[in-house]
Amino acid sequence: MALSRLSKPLLYVLLIALCLFFLMPIYVMLVTSLKPLDQVTLSEMWKLPTVLDFSSYSTAFEKLLPNLLNSFYLVIPATVISALLGSLNGYVLSKWKFKGADILFTLILFGMFIPYQSILIPMIQFLRDVGLYNTIPGLVFVHVVYGIPITTLMFRNFYASIPDEMIESAKIDGAGFLRIFRYIILPLSITGFVVVAIWQFTNIWNEFLFAVTITTSEQQPIMVALQNLSGSQIVQWNVQMAGALLAALPTLLVYIFLGKYFVKGLLAGSVKG
Amino acid sequence: MGTTARLKGFIILALLPTLLIYTFFVIVPIFWSAYYGFFDWSGMGDAKFTGLANYIEVIKDEIFWRSLKNNFIIIAASVFGQVPIALVLALLLMKNSFVNRFVRSAVFMPMVLSTVVVGLIWGYMYHPQIGVVNYVLKSLGLESLTRAWLSDPKINMFSVSIPIIWNYIGPYLIIFIAALQNIPSEINDAAKLEGAVGFKKLYYVTLPMIWNTVKVVIVLCIAGSLKAFDQVFVMTGGGPAQSTELLATYMYNNTFEVYRYGYGSAISTMIVIVSMILILISQILMKRKNQ
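These protein sequences, in sequence, are chains A and B.
Residue 266 in UniProt numbering is what sits at position 266 of the first sequence, and the numbering runs on without skipping anything.
Residue 200 in UniProt numbering is what sits at position 200 of the second sequence, and the numbering runs on without skipping anything.
I should point out that these hints are in silico values taken from the structure, not numbers from a laboratory.
Honestly, I wouldn't trust all of these hints.
As the list claims (entries may be wrong) - DSBU-like cross-link-like pairs, simulated, lysine-lysine; straight-line CA separation at most 30 Å: (1) 171(A) with 99(A); (2) 192(B) with 97(A); (3) 227(B) with 192(B); (4) 97(A) with 171(A); (5) 192(B) with 99(A); (6) 97(A) with 287(B).
Keep in mind the model is a prediction, meaning the values are calculated, not measured.
Please construct the entire structure, taking both the sequences and the accompanying hints into account.
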């Protein structure tokens, strides 16, 4: 028992150190973003700003606003379409199992393990051919394509928890494929849609590789613009950090207010079917 | 019988968009990429067929092997960093107390941050003159330990690994906690009766119960690290002198910086091959351990 009495404070010290390790970068970002540039020096590093200076936020906001809007134009349709497709696939693959359904599902899952980089060049070539290169719709399309495996997986696991008896009795009452989907599955899917939408929103908002290779200048989503913010001679760290916070704000807010669903999505996506 | 035919029609119709998209934009491009690898091509204009030249060049390319090695460092850092830390934390934070929930949220939070934001913050913290890391070392009197974290080729691969570990411990922690909470309480009670406590219980009861989850996490970890690109791209761009080049950044630099699309495609194909081999090996190893 002596051991556990000793280990308790030790445990708390460890947990506090851990919190510091995980939260310190956020603190650094926040503190730096609120300082004027001449206070961003080594000796002032830790200190809270003497006066709250929001000028870096207005500079960053001004520069990033068009890209911030681009990101919304990208994320909203991409999330909706990939969620709908995922729901349809999940419904068929969990409630209308046919011969080969499981093989098909495994094949779709396989898509999650393919590193995107390897299909990037043919993808860009295709987008050029159809005139969608360097456009937001092109980027929406790419995200729908690569969102399918995860949304299908999440919905399939979600629908697996809807009892088959419900479907059976609806069938006996004469409801068909579409009616069951419309009147039984969809009304029960609201949580599923929230979970998948949050997941997709966060991932697409944060995505960088496709964004940086498929769009240039005016079409760029926020993350690419943020990365380009450091382009000038002197790096204005305060503006940089303010921009980083602005760019991270939508997903941070989603996490703070709907974190429960985010965690649900994570678990639904990690449990292999 | 009319109804079953109708039903079949619906099933096909529902899956068709996915099947088409998936075949033409995920499966076919892998082969398309391999095919582009046979050409000398700048992305625009005519491509010249050069046979295996690109592939031979890749195999002889020192920087390709260095990138591969760096990728393995990231994989090792993830598998041996993220997985054990996440597991230990999950054991510590398993109970749903207020403090635990707070710590869990803190650990999980980086997960929702964009990798670009993560790269920027850590790039700033590693800054040799105004970075927090060197500042902390100095104020602790460890002046001799201060480094140019991202530009010293001896250590910069390890410097870039830390933000990646920091970024992704959260999800694994959550997965482990869910698995631990799913262990039936009867089993824990039985273990207690048998006198299994502490490490003994961990080794003989807890770990075997969640072993399947551990396997899934390791596979996810390997697959995730093969995709690593963003943080390194933002922090170092693969430099200096290509010392932090990863397969993905190397492919990016060849394709979009020097416009060697054919060579980039050949590297892409190598990435697919390496990934498939690794995933396969990890699956086989896991199966054997299970028996």
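Going down the list of hints, with the structure as the test:
no., hint, result
1, 171(A) with 99(A), "holds (20 Å)"
2, 192(B) with 97(A), "violated (43 Å)"
3, 227(B) with 192(B), "violated (43 Å)"
4, 97(A) with 171(A), "holds (15 Å)"
5, 192(B) with 99(A), "violated (46 Å)"
6, 97(A) with 287(B), "holds (27 Å)"
Figure legend: structure checked against the earlier numbered hints; hints not met, in rising order: 2, 3, 5.
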